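Engineer: All chains should be built: construct the whole structure from the sequences, respecting the hints.
Those protein sequence lines, which keep their order, are chains X and R. Per the working numbering, numbering through the first sequence is continuous, rising by one, with the last residue being 385. Per the working numbering, numbering through the second sequence is continuous, rising by one, with the last residue being 276.
Just so you know, these hints were derived from the structure itself, not from any lab. All of these numbers come straight from a predicted model, not from anything done at the bench. Ideal Cβ placement from N, Cα and C applies to all residues, glycine included. Among the hints, a few may not be true.
With a cut-off of at most 30 Å between alpha-carbon atoms, the simulated DSBU-like pairs for lysine-lysine come out as follows [what the hints assert, rightly or not]: (1) Lys121/R / Lys233/X; (2) Lys115/R / Lys36/X; (3) Lys36/X / Lys121/R; (4) Lys115/R / Lys233/X.
Among chain X residues calculated to face chain R with C-beta under 7 Å, some are [unchecked claim]: (5) Arg212; (6) Leu215; (7) Ala219; (8) Asp222; (9) Asp223; (10) Arg226; (11) Ala228; (12) Gly229; (13) Leu230; (14) Gly231.
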Amino acid sequence: MNGGLLGGSAALTGTAPSGATPEGPGQPARGVPWAKVCTWLAMALVVLAFPVVFPTPAVTSIAFFSVIFMAAATAWNTFSGYSGYISIGHAVFFGSGAYTLALLAVHLNLAGGMGIFWLVPVAGAVAMAIAVPFGLVALRTRRHTFVVMTIAAFFVFQLLAYNLSSFTQGSAGVSLPTPPWTATGFNQRFYYVAVAVLVVALGLSVAVRRSRFGLQLLAIRDDEDRAAGLGVKTTRVKLTAFVLSAFSVGMAGAVWAYFLGEIHPQFAFTALFDLSVAIMCFLGGFGTITGPLLGAALLESLQQYFTIQYSADNLYLIAYGVLFLAVIALLPRGVIPTVSGAYRDWQDRRLQRRVETVARSAGATGPPGVPVLERAASSARAQER
Amino acid sequence: MALLEVQGVSKAFGGLIALDDCSLSVEEGEVAGLIGPNGSGKTTLFNVITGYVRPDRGSVRLRGADITGASPARVFGLGLGRTFQQARIFDRLSVLENMLVATQRQEGWLRSVVKGQSSPKERARAGELLQFVGLERLARLPAGNLSFGQRKLLELAYVLVADPQIILLDEPAGGVNPTLINLIAARIRTLNDAGAGKTFLVVEHNMEFVMGLCDTVTVMHQGAAIVSGSPDMVREDPRVLDAYLGGSDDELFEPEPEPEGGAETRLGAVDGRSRT
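Structural biologist: So this is what it looks like as structure tokens:
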């Protein structure tokens, strides 16, 4: 705030804008962003304390599914949100993760317990291994063609799960070993493992956003050919994001499968997975870091609540449809960008008023006229961002 | 040896012949202009030179090395920068981030994944160039908020990040207000001066801009370069007027009546399709 006002008065008095510091232009002399850190810490605290404060199994079960989908949505957004390539095939990774954990547990004759959670990263790795050839083929196409390619891949995997019955047990599904825990302890353990997966997914998402290749990914979203012309190795960049996102989604699928205790092809590889995750990201804010978290927390908990409360499994589908239309019509950018945009506008207006006050108190001595004010405000705004 | 040499390049899109045995050379250190009526193949020639379009025939050489059909990224890496008619910048990235995308072009895969978006050195360099084009105060704004002319300046700035030897500008003054046109011309001149010594090839319809800025001017007509020379020479060349006003042997189009009488008298005497 201070920096913004200083920038404004500097422009008023006609001195050089503070952008010309040796730090480079527009590098605000900002220390630690305490507000941000505090918000994240508070959120982490809420997430960690939740099952202790609300230990009822019905509630922790909802919380578990929400966290799993927060992880999945974050991971999906790491690829689709940043690159602009809408994938409807991430169910491939979710299902592969689920089947990897289930089949390994069954074939290795593992007893139910914490030990099985060690298979979660393995499931993620298998999803990554699948993502490489899948990505190499699908990423040769763009936009609608890419969407169709991913849908096709998803159906191929569902059919494989049905028909490789000697390996996947086909439509009979796979039953996983049951852990010997009480209902409360069961949910809590799963919840914290899900949180661990979420932390990994979020860490990857933030790391990608801040890395050089993440910047290149965003450039691809805006104009892929131009990015390629500037030397961005587009295939490599897209594939890396695709594979990283597959890793987290695969892990989420694995934990999900273990929680349910048995999996079937039509539930592990479901088109609803990608639709849900996409709606979550669009609702929260496509391509933002916090958007998918918000969208998934809202939608998944609502869906689970509906299912439990009204035992109407498919009611949420109608709700999703309505919500999707509402988001597209009213919040095309998603909640987070819309709210932060409104907040910024409000700040701008407040800043403008303060600049005007400063200008008025400077009175007749300062150079008069509107252009000065505009210049001051715009420079102040530029500093703010 | 010319810095950039285009030899006998032809390119057809289906039945439409965009380039027809077109040749052109740009000497080091000059500002070369490329003019011609709409549809004469100027932008296609740019696309061929910068690797966006593969020619059917002919070759492109940069410092004697054959770069025909090289990828746009490779051409850019070899020191040939290019801006587009509709400035192509990354709208949802900030102005500074736009600059940084162009910075990171030769890097291993792991490095690009692990390293942060930019080093202080890169930011400083980006800042310098933004200051050069007068956009430094807007560094943190989303590039999509820029005006048409500012977009062109930003595109020029991020092409400069890679420190190219030769820069191809596609209509740098088109649709830009007069103040910014002057700024753009001044910046091109500065870059061309002895210190930086950059070579330019400029497509432009604004004749005042071209004649004031360019050392040599090449005129294209129906996919071929028909005249090349100093601005004054080109201005007087009858074939140029013919190309712009429609030739006598052009069966498809009637020559448009020209309000200035001088042009019409010259028209009759011209053999329109002769080439240099």
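Engineer: Does the structure break any of the earlier hints, and which numbers would those be?
Structural biologist: Structure breaks no hint.
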